[in-house]
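Residues per chain are reported as follows:
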Amino acid sequence: MKNIREIALEEHHDFVGAKMGMWLFLLTELILFTGLFILYAMYRVRHAAEFHAAATELDVVIGTINTLVLLTSSLTVAVGIEALKRRNRKLAKWMVLLTVLFALTFLVNKYFEWSAKIHHGIFPGADELLSRSQGEIIYFNLYYAMTGLHGLHVLVGMGILLWVYFLIARKPSEKVVVAPPNIEYLKGAQLIASKGEQERWVIDEIKDDVVEVEVVIKKDPKKAGVDIPNIIKLENAGLYWHLVDIIWIFLFPLFYLIT
Amino acid sequence: MSHHSHEEIHGIGYGILVLVWLGLVVLTGVTVVASGVHVPALAVVIALLIAATKSSLVVSYFMHLKYESRIFHVILLMGIVTIAIFIGLTFFDVLFR
Amino acid sequence: MASHAIDVQNAQENYLEVKGRWSGILSWIFSTDHKRIGILYLVSIAFFFIVAATIGIFMRLEQLTMGPTLMKPEVYNRLFTLHGVIMIFLFIIPGIPAILGNFFLPIQIGAKDVAFPRLNLLSWWLFMIGATLAILTLFLPGGLPDTGWTFYAPYSIRTGSEVSLAVFAAFILGFSSILTGLNFVTTVHRMRAPGMSFFRMPLFVWALYATAWIQILATPMVGITLLLIIVERLLNIGIFDPTQGGDPILYQHLFWIYSHPAVYIMILPGFGVISEIIPTFSRRTIFGYKLIAFSSLSIAIFGSLVWAHHMFVSGQSDLANIIFSFLTFFVAIPTAIKVFNWVATLYKGSIRFEPPLLFALSSIFLFSIGGFTGLMQATLPINVHIHDTYFVVGHFHYTMFGGTIWALIAGILYWFPKITGKMYNKKWIYVAWAFMFIGFNTLYGTMLYMGWKGMPRRYYDHLPEFHTDHVIATVGSWFLYTGILILVSTLIYAVYRGTKADANPWGGTTLEWKTSSPPPLENFEKEPVVEHEPYYHEEAIR
Amino acid sequence: MGASNFTNSVDNIFLFILAVSVALLVGITITMIYFIIRYNHKRNPRATDIPGNVTLEVVWTVIPLLIVMGFFYYGYIDYKQMRDFPDDAMQIKVTGRMWSWLYTYPNGLQTDTLYLPVGKPVTVNLESMDVIHSFYIPAFRLKMDAVPGVPTKMWFTVEKPGSYQVLCAEYCGDRHSYMLSKIVGMPQAEFDKWYASASAEIEAQQAGTEEAGAAPAGPSPEKGARLVKLKGCVACHSLDGSRLVGPSFKGLFGKTETVIVNGKEEQITADEDYIRQSILEPSAAIVKGYPPAMPPQRNIVTDDDIEHIIAYLKTLK
Ligand code: HEA
Ligand code: HEA
Ligand code: CUA
Ligand SMILES: [Cu+2]
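Chains as they are written, first to last, in our numbering: chain A, 1 to 259; chain B, 1 to 97; chain C, 1 to 542; chain D, 1 to 317.
Incorrect hints may have been included.
[Unchecked claim] Under the rule of at most 20 Å between Cα atoms (straight-line distance), these lysine to aspartate or glutamate pairs were calculated in the DMTMM-like manner:
#1 Lys19(A) / Glu68(B)
#2 Lys80(D) / Asp469(C)
#3 Lys233(A) / Glu68(B)
Derived from the structure by calculation, the hints contain no laboratory data.
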């Protein structure tokens, strides 16, 4: 049996810390795209007219549909997180699954969009493309680079959401530990242990001479339980997914709506 | 530390989330319609403003930033300022070459 | 899952003795203990450093004579690229944060570990994977890249060497660096011991904190830039390619947006080390604590405003040149504040002159030369003349090698007893210092001189008028190499045969000196409570 | 007087900054050493804690600020001149390519050494045909990148007659360090004489090809010899049999060699057609053992030029 210090090190649940880590990571993703946005901005001011001309060739309808799909997927994942926080595991599962389905829809749409373009000989390095004006070449190269990288992020986000889905769908583990690393903190601390629905345990009977505590909570597997660490995993997955959405919010007008 | 377990429980209501989503959908409609404006410079500004509004909605509600502590706001601010610097200073080259 | 299997009874054991789930080498490469990861980095980084330094020696040998002798131009070009790539991406950027930062940041703030120990291990693995990929290019048909560490387009798009893989390796290394930064920021925010307010943090932690922000905010930029090089090469997405309407100058912007702030990723932790050493050996508190702390942040901020000073003759707009030249000068101010405060800290101290102090002060001296030459380069008309000459090569060796690496060595000497529990032979360190100091200035001082005379960099061969200078520089490199070899052998000898060091051999005041040498697995027997500012020397007159 | 109109001013700024820097460096170093000795623990057993001093901090923030602003100001003044292009300057086009410089005068005259009159402003318009190069004349304290797709320029006045080294300062591949050339400054009268005679030759040649298509002078090995230097062939092809980036021209004509066509090896004899193809479409057949590094020369050499070059290659036994 592991002792409390081991658990503390292994499953050190600093939720705020984990979320902070995720936000910092999102910053790096933002900057990654900033590189491309810089290029877009610079080439756009130089080739404004050609960008406009090229943009007419994109299908605004598909673009709008995809925007709506992503927005809705953001909603579903947000609702899913909310549901899990309220220990409504069933709703959470459905919502995450729905989000994954939306992501898939987005990718399928993108696939059709890209293949239509490629079919018309508009893809990087194609003779048809290279015969156009410089601004148009750049526009389409950027289009492929930016939506491509974004698509990659959709794919990754989908994978993460699926993974979290399976974590949630799994039977909650026997043992739920929310013990902070230090015994001191346990004294008088509030501890949520989700035995069944939304139950709270308050531990305050730890005496001063206690140096070690083992927190093992047996759960009734028949009731819907939630592994608390999964909440933060879903929250972080959600944060990532929203970022993917935000990037699209900018890509959409910059590529589709500048006609 | 376990105090935050509080906050894990009290999230925001489903209703607000749906409202925000509705707002986003409406704004998407607006930006599509507004793209018909035939003043190029203005069109870009409008499109970017709407996109910024939309993303701030996503950030505040869907991403919960409104309910997070100050340090999270600082983190986001750092990112935005950095992006502004990177894009802004590059313009000094391209616009004046 | 992590490899911590701790037996409470034996918590007193130091981190080197702890028996975990794994044993032997596995107990290192799968350890999530920040101290073991620090040592992992130390060993791997030192290995790459020796490889790249040896390449440097070979480059000098080629320059010893005029005309083709030792190697062909295509070999030389690959060597300086490899030298630069290893030195930058595998050595100096991870250098101090990954080795000393990993080891001491948690201890100095009284934490048990970093915020994300497993992520920390992942960073090291990414580092190794990146390094392996970079080396792998040697065995592919195109061979090592031959572009210089800057990978300028369009040359990097056209050359037949294995740029794609090398660039991908750098991309992965970038992620390793980002994850370290992310870990440190979260650690500083979330893991400080009771009483450790921001203004009680040691300055080394402040420096790492500022560095971590640059790592997070700037590194993705080089990530995307290098990705674009890959897609240009493999998928023909011509974004910088002039034949497709691309603008090669924009590549340089993106590259330097990262790579200039990166030079502060390199130097800030070095400044942090110096800020630790000087008060310890002066036995007094540091002069201007807050200013030094904030100057780290302001270097980080100003440092992100000046990137295009690498592009004064690239063809960017004149206005951009003027603005970036102007902004560049501001970086000198926070640096000046640091230097003056360090010097002031010596004032009325009770100075113990020991090897770490010697190296720290030499680092200030050498870095100042690097900094002043930096100001010359920032002056527009001078830059027009000396851009891409050996003057620049001299400048960056003075800053990176003279500043950062001398500070790294100072830090290693300072914390060596804490890390290993052993003390080295100080006499030999002084001998090594003499060789290094003389060699260093002969080698790089001469480079400054010939650069001013007009010797371009990345030249396989040189014109007769530069021959004497090259010979002198090469001889200097032998002294330098000798010095470093003495230093390293002294330290390696001390690891095995050194005398036992006690917990606080230098009289330091920060938390790492309040635990045993080497520290126990969780750094402290009992979580420390902080009551003073970091450099509180009890015996000092107040 | 300096070699160019900028030589002296740049040197002066440099010396000024150098002097200030050395003074500061020496000052700081001496202070450090003095403190180390004066406050050694043997002399000063107990340290005095001084956590800071606002006045001092302000002083050493403001003074360095003033100093560096001074540096910027002097630099700015001089740089403005460098970028203030005179209207009456002579316009020269400088083309960089792997790995040689080509100079084109206003009347179309092309040379591989840049002859210039002393005392007359010259604007150099740079362009590159492949990767980035950088046109560097150390004696003039000037350089500027030649960027493919982006026109760049610089200007100067040669002030002293003489021959000045031109280097390439942006890494551009294997023979970057051999991308050398010269600028020769000569008094105006001498320059005019040279310009007239060199141009006359060009005009004669152009006139010749235009009007008398029926009676060409015939391929001339001498012209060919000049062309391979002017057009930059010798940057990659040696004339003495040694291996540079490409195969040597020596003994090339009539040789039987293995080339790779569409990935398959073939034996060919280097006849006129093959050489023509090699120049205009190098990628069609790559000589075994060499990289596909030769750029197509379609815009560089004319069909006539090629005939001269072939004639010259025939003489290289
Ligand atoms: C550790 C790395 C490091 C550091 C810290 C610096 C610091 C600085 N660098 Fe350097 N630099 C590099 C690494 C670094 N550099 C590298 C690697 C390159 C070349 C890359 C390549 O092309 O391959 C380069 C190139 C480079 C260039 C481009 C040169 C060219 O290619 O044309 C310029 C131009 O402005 C420059 C300027 C500066 C300045 C102004 C500082 C300032 O931060 C310096 C500030 C310090 C001081 C001023 C000295 C200390 C202060 C005092 C002693 C107080 C008194 C001072 C005053 C009163 C002024 N650097
Ligand atoms: C930190 C960075 C660093 C360091 C330390 C060095 C070290 C050396 N450099 Fe460096 N150099 C660069 C970074 C560095 N270089 C970069 C970025 C470039 C630009 C590349 C480009 O153009 O793309 C460059 C370019 C460059 C050139 C210019 C090439 C050209 O333009 O043609 C030359 C020329 O001689 C040179 C020489 C040397 C030599 C002789 C050494 C050393 O060999 C000096 C001797 C040092 C040692 C022998 C150290 C031995 C170390 C150990 C034994 C391990 C100790 C370990 C611990 C203490 C942990 N370097
Ligand atoms: Cu051309 Cu270097
Ligand atoms: Cu820089």
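Taken at face value, is the distance from the CA of Asp469(C) to the CA of Lys80(D) at most 20 Å?
-> Not OK: Lys80(D) and Asp469(C) at ~33 Å, beyond 20 Å, violated.
Compare the distance between the alpha carbons of Lys19(A) and Glu68(B) with 20 Å, and conclude whether the hinted pair is satisfied.
-> holds (10 Å)
Are the Cα positions of Lys233(A) and Glu68(B) separated by 20 Å at most?
-> Measuring from Cα to Cα gives roughly 17 Å; hence the hint holds.
Hint compliance for this structure: hint 2 alone is broken.
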